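Enquirer: Here is what each chain is made of, one letter per residue.
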Amino acid sequence: MIQLIDVSKTFNGKDMVVDNLSLEIKQGELVVLVGESGCGKTTTMKMINRLEEASSGTIKINGKDIKETNAIDLRRNIGYVIQQVGLFPHLTVGQNIGVVPRLTKNDPAKIAKRTIELLEMTGLKHEDYLNRYPKELSGGQQQRVGVARALANNPDIVLMDEPFSALDPITRCQLQDELLNLQKELHKTFVFVTHDVDEAIKIGDKIAVIQDGRIMQYDTPETILKKPANQFIQNFVGQDRLWKTPEMLRALDIMDDNYDNMKAIEVKDMVFVQPDTPLSEVLKLHEKHNLSIIPVVEQGVTVGVITEPSILSLLAEIIPGSEGL
Amino acid sequence: MEKYIYYVLNNWDKILFRSSEHVFLAFTAVALACLVGIPIGLLINRNKQLANFVMNGANILQTVPSLAMFALLIPLVGIRDKNAILALFLYGLLPIIKNTYTGIRNVDPAITEAAKGMGMSSFQMLYKVQTPLAVPVIMAGVRIATVTGIGVATIATLIGSGGLGALIYQGISVMNYPMMISGALAAALLALLTDYILGLLERLMTSKGITTK
Ligand SMILES: Nc1ncnc2c1ncn2[C@@H]1O[C@H](COP(=O)(O)OP(=O)(O)O)[C@@H](O)[C@H]1O
Ligand SMILES: [Mg+2]
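Listed in order, the protein sequences are those of chains X and C.
Sequential numbering of the first sequence, starting at 1, is according to the working numbering.
Sequential numbering of the second sequence, starting at 1001, is according to the working numbering.
Only chain X is shown next, with the shape it has when bound in the complex (with noise of 0.2 Å):
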């Protein structure tokens, strides 16, 4: 677990570029700071391997103070992946990978091993590549080896400062999924910066949206979508996002709540949902007993109803240029 505790950062002595800003993240989450550039995603984030230091403030790792571990110990024991990837251009794949089990003199024959496993896991055929320099390597293949790098050590913790900003949007989307598949199999906590919404509601278990170094809200994605803390985060992830992201959508987004007969139904041999009932099972229901209506339940008391107009009117929102029809 990392723990940020009024943290704040100034280089010169007056502007905060992070400015007393709190945040928890558990263990196996995979948390993204979001926000426009220069609002201090990135000073945040070396904060936590000391890239920075906190001008106040503390930050603990599993409760121990990272101010008490020697900042080379403290980053060997983090991974870290940035833009710009930044592999060494004179050392082979496999010798990039082994770079950090080597600073601490790992058997070689163990490290040897596990750059093969690091290569496959980040989906790279060693035969292939284990021996090429990276100037060999396409932009995504690259920043692959860039995160095979960043868990040589295995690491509880993996730092990645917008690592994939920089590929094109296909390349981009392959190691989003990647990186979800290898976060539901190795339970690590990865703390993921991005400029990007899209990206950050894509791959966030949590998203802390931050504006001027300060946090405006911290949530799950759908939470941030449907129940913005502010205008600002509002206007950030627009308005139209959460009608873009339809795996999003729940009986209770869609439903008519001011149905005039609400009273009359009678629950008890009807096809019902709960407001939390995905959109999807919603349909399937709809599409499977043919109803025109079906009733959104709470505990026992409708709420709601779903009908083909208020489908419809989804619908609108989502299609552009059909806003308001």
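These are computed hints drawn from the structure, not numbers from a lab.
From a predicted model like this one, the values you see are computed outputs, not experimental measurements.
Treat the hints with caution; some may be incorrect.
Unchecked claim - Partial selection, computed: residues in chain C whose CB lies under 7 Å from chain X:
(1) A1110
(2) I1111
(3) A1114
(4) G1117
(5) M1118
(6) V1129
(7) P1132
(8) S1207
(9) G1209
(10) I1210
We put the beta carbon where it would ideally sit given N, CA and C, even for glycine.
Chain X is already provided as a structure; the job is to place chain C with the ligands on it using the hints.
Expert: Chain C with the ligands only, in chain X's frame:
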């Protein structure tokens, strides 16, 4: 033309001897300049002010005309080899320090940031990352120092240090053109040959990951 060939055939032992003197002067000086200049170039990367100070000093050394340099060193170390080697050493310092310094400084900051973030100490970063990446630039400095050294060494004869300059100046003073020309050509050839050999060495020392071809 025949005169020249005749001269070389009859005097090859003399030419070889003068060449060996020449090589001794230039190589000793450049080797010392590497021994001193490379560590200085690596070290001054830690401090900008120190770097400026050292670079200015080396720049000034470089502007002293060669004959004046030999003359200025006479009160310090007298004449002959000591003087010549010291002068060539001082000339060699600038390109070696400068190239080492810039070679290290120009390593992509993303690479040093990654190295630091992964937990390398600044010393590990220097010898595992920055120096290997700076090899081509450092070697370029060594090559400049060597070629300059071989050129300037031709004047060392004026302070009694021999070398191919002896043939050139003797040739001029007794109007023996074949002697003069063979001395000059030998010095030029020597410079080309050493530069070629240093080029091979550079290629050996440079990772295939950072060569352009
Ligand atoms: N080393 C530094 N010295 C001075 N100012 C810095 C330094 N690093 C970052 N800053 C400033 O801090 C602010 C936040 O930077 P950063 O954390 O990199 O933002 P982000 O990653 O969100 O784009 C910016 O205004 C930037 O100019
Ligand atoms: Mg940044």
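Enquirer: Check the structure against each numbered hint from earlier and tell me which ones fail, lowest number first.
Expert: none
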